[in-house]
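Line order of the protein sequences matches chains A and W.
Heads up: the first sequence at position 150 corresponds to 150 in the working numbering, and the numbers run straight through without jumps.
Heads up: the second sequence at position 208 corresponds to 429 in the working numbering, and the numbers run straight through without jumps.
Simulated from the structure, these hints should not be mistaken for laboratory data.
It should be emphasised that the depicted structure is a prediction, and the values quoted were computed from it without experimental measurement.
Note that the Cβ used here is the ideal one computed from N, Cα and C, for glycine as well.
Treat the hints with care, since some could be wrong.
Far from chain W by the CB rule (all over 12 angstroms, computed), these chain A residues [claimed, not checked]:
1. T42
2. L48
3. L85
4. N131
5. N136
6. E182
7. T191
Calculated cross-link-like contacts (lysine-lysine; reagent style PhoX-like; alpha-carbon spacing at most 20 angstroms) [as the list claims (entries may be wrong)]:
8. W:K399 - A:K206
9. W:K427 - A:K214
10. A:K214 - W:K385
11. W:K427 - A:K164
12. A:K172 - W:K435
13. W:K405 - W:K438
14. W:K427 - A:K172
15. W:K393 - A:K214
16. A:K214 - W:K438
17. A:K206 - W:K393
18. W:K435 - A:K164
19. W:K401 - A:K164
20. A:K217 - W:K415
21. A:K206 - W:K394
22. A:K206 - W:K385
23. W:K385 - W:K401
24. W:K399 - A:K173
25. W:K393 - W:K415
26. W:K438 - A:K217
27. W:K385 - A:K217
28. W:K441 - A:K214
29. W:K435 - A:K220
30. A:K214 - W:K435
31. A:K178 - W:K427
32. A:K220 - W:K441
33. A:K206 - W:K435
34. A:K25 - A:K39
35. W:K435 - A:K217
36. W:K438 - A:K220
Protein chains: 2
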Amino acid sequence: MFKKVILAEDFQGENHGIAETLHEKLAIEELQNELYCDKVFTRLKVALKNNAPFELLVTDLFFEEDHIDRKITSGRELIKAARALQPNLKIIVHSMENNPLQINTLFKEHKINGYVCKGRNGMIELVNAINEVFHNRTYVSPQVNLTAANNTIELDDFDRSILKELANGLTKKEVSDKFKRENKTPNSESTIDKRISKLYDEYETKNTTSLLFKLAKEGKI
Amino acid sequence: MFKKVILAEDFQGENHGIAETLHEKLAIEELQNELYCDKVFTRLKVALKNNAPFELLVTDLFFEEDHIDRKITSGRELIKAARALQPNLKIIVHSMENNPLQINTLFKEHKINGYVCKGRNGMIELVNAINEVFHNRTYVSPQVNLTAANNTIELDDFDRSILKELANGLTKKEVSDKFKRENKTPNSESTIDKRISKLYDEYETKNTTSLLFKLAKEGKI
DNA sequence: GAATCCCTTACAGATATCTGTAAGGGATTT
DNA sequence: AAATCCCTTACAGATATCTGTAAGGGATTC
Chain A
1 MFKKVILAED
11 FQGENHGIAE
21 TLHEKLAIEE
31 LQNELYCDKV
41 FTRLKVALKN
51 NAPFELLVTD
61 LFFEEDHIDR
71 KITSGRELIK
81 AARALQPNLK
91 IIVHSMENNP
101 LQINTLFKEH
111 KINGYVCKGR
121 NGMIELVNAI
131 NEVFHNRTYV
141 SPQVNLTAAN
151 NTIELDDFDR
161 SILKELANGL
171 TKKEVSDKFK
181 RENKTPNSES
191 TIDKRISKLY
201 DEYETKNTTS
211 LLFKLAKEGK
221 I
Chain W
222 MFKKVILAED
232 FQGENHGIAE
242 TLHEKLAIEE
252 LQNELYCDKV
262 FTRLKVALKN
272 NAPFELLVTD
282 LFFEEDHIDR
292 KITSGRELIK
302 AARALQPNLK
312 IIVHSMENNP
322 LQINTLFKEH
332 KINGYVCKGR
342 NGMIELVNAI
352 NEVFHNRTYV
362 SPQVNLTAAN
372 NTIELDDFDR
382 SILKELANGL
392 TKKEVSDKFK
402 RENKTPNSES
412 TIDKRISKLY
422 DEYETKNTTS
432 LLFKLAKEGK
442 I
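Let's have the full structure, built from the sequences with the hints guiding it.
Here's what the structure looks like:
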């Protein structure tokens, strides 16, 4: 089993719960747990310098802001920095995020080794994930459907620029006029109509209101 | 100190962490922890029936959906049901929610006794909250500014029911028809128009699309 | 009981949205 | 070069949205 593990989790309750569970279920010799990304990164650096590097990082993605100044403000940034520092470090993400797209990019761009959703089985899955990753396999929570990520519709820049103006209360005619003024192209009201109608189909919505609402709720704009 | 406490928290890690902390820091004789609201409510009922009621409920607000059928799907519903069942029960909410408006309505409508934000000090605050509530005082996490809640505009049930249907893609005429079918009142298209127009003013938006977008972004619906 | 206020409702006119048809242009294929 | 595909654009007709006016009813005030 891993000898030296570090945990980044800003919720005190969750942090405590994970630490307890890992002590109970796994024979990890040294487990350090931190509430701030910056502290985790410092520990990784120091450990590496002392020729006693950590073998596994377990980290959340979202870290709440508070009165303390931070350089690294998210799990994603921590992962990137940790990968650059220590390419052979194993990384498991433990987060509420369940958007396959987001999770997919973590595997692709940052070569994480496991992904566990917070939830009713979070601790059971985390223990499994650590075991799998220890044996050089990857682990993904079963409720995450990574193949779905490939089927999702991407919004391109033109879509986004239209949606932004509509969200702001402009009519399609006004959006068209604005684009013409700014020499953006395409810019006809008709083309804007067509683009938006296409999005109705893709997102299974009926009108501008329900489309913008759905996209806002899903955090896509 | 409280002799009999029940905990409702669906994240296994957080649940474990809270339970551990309370065991360590407080002399609670009996602490039951559950991952589902329905189970909590059943336990409350049984305990009351056996003349050994719980004294304190600590609950989250959001409970993730899974494959299991649920009657009570949110902390808010659980609180309402628990209050109706056992008016003298002390209730502390422990959640990520930090919107003063939402928190205020919990104190006003459901007479909760304490509110603790999940976060880096979550466990320290929770222990404090339990001590305060035990001495018949209320506790609110210091980072929550409840006075700010009084300046914001409230959405009432009628507003919400209209907005929900519009978000779903119905036209105002369809919303009016639906309300008539359901014997909801008021229900005329004209009144619905008026309500929504009022919200345009209050939220400084220009049309249905921008209104729904803004409310979705701010998490108000 | 009259006056007032507020909410509900009806209606109407100006705009905006949504959908379909059709034409033209650039890029790619055959 | 012709055929094809895809994107842009124009236009038009049916609906929907937004705003204003006005009438009626219930509750409260005077």
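Any hints from earlier that this structure breaks? Give me their numbers in increasing order, please. Violated hints: 13, 19, 20, 24 and 34; rest satisfied.
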